[in-house]
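K.L.:
Sequence:
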Amino acid sequence: MDDSAEGFIGRCLIVLMGPYAAILLAAAFMPRWSGQQNGYTQALWVLGVVFMTLGVGIVMIAQREIGNSWRVGIPDETPSLITDGLFRYSRNPIFLGMMLMALGIALAVPHTLSWMAFAVAYVTISVQIRLKEDYLGRTLGETYKSFREQVRRWF
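The numbering of the sequence shown is the numbering used here, which starts it at 7 and goes up by one.
It is worth saying that the hints were derived from the structure and are not from the lab. All residues carry an ideal CB built from backbone N, CA and C; glycine is no exception. A few of these clues could be false.
Claimed, not checked - The calculated label-pair distances, taken between Cβ atoms and stated as ranges, are: (1) Gly147 x Thr59: 35 to 45 Å; (2) Arg159 x Thr118: 23 to 33 Å; (3) Thr47 x Arg70: 32 to 42 Å.
Generate coordinates for the entire structure from the input sequences, incorporating the hints supplied.
P.N.:
This is the structure:
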């Protein structure tokens, strides 16, 4: 990866995978550490699992719908604009799914580390979305402007 803003954000998202893996392992093997005691409710755990599952499903469907147009970061070539499927409802369904997964982890494993990782994920994904949208606006012009006016950023 390069030293651009896109490269930096991409590295941040990759680095986040470590804490998320640690959080989930800690929840599985050390429930007291992960906050599953002291007032923790089963309902929050269930809600977290539902959000994680929904997020994974959204990411999988959106990646299938985007097909060969899927890229990590911002490509050098002119992109194609996907407006069908989940992209009719969200300009960024893959990032939406990632955020639902992160929120689900924070709810299911209510630990300070979980919420810190969620906050970092929100900021880095929000920056990546804005970089991508600026790029698409410059590259696709009126086509993307019209899409932005019709479809919300998240949902």
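K.L.:
Under the constraints set out in the numbered hints, which ones does this structure not fulfil?
P.N.:
Violated hints: none at all, because every hint is consistent with the structure.
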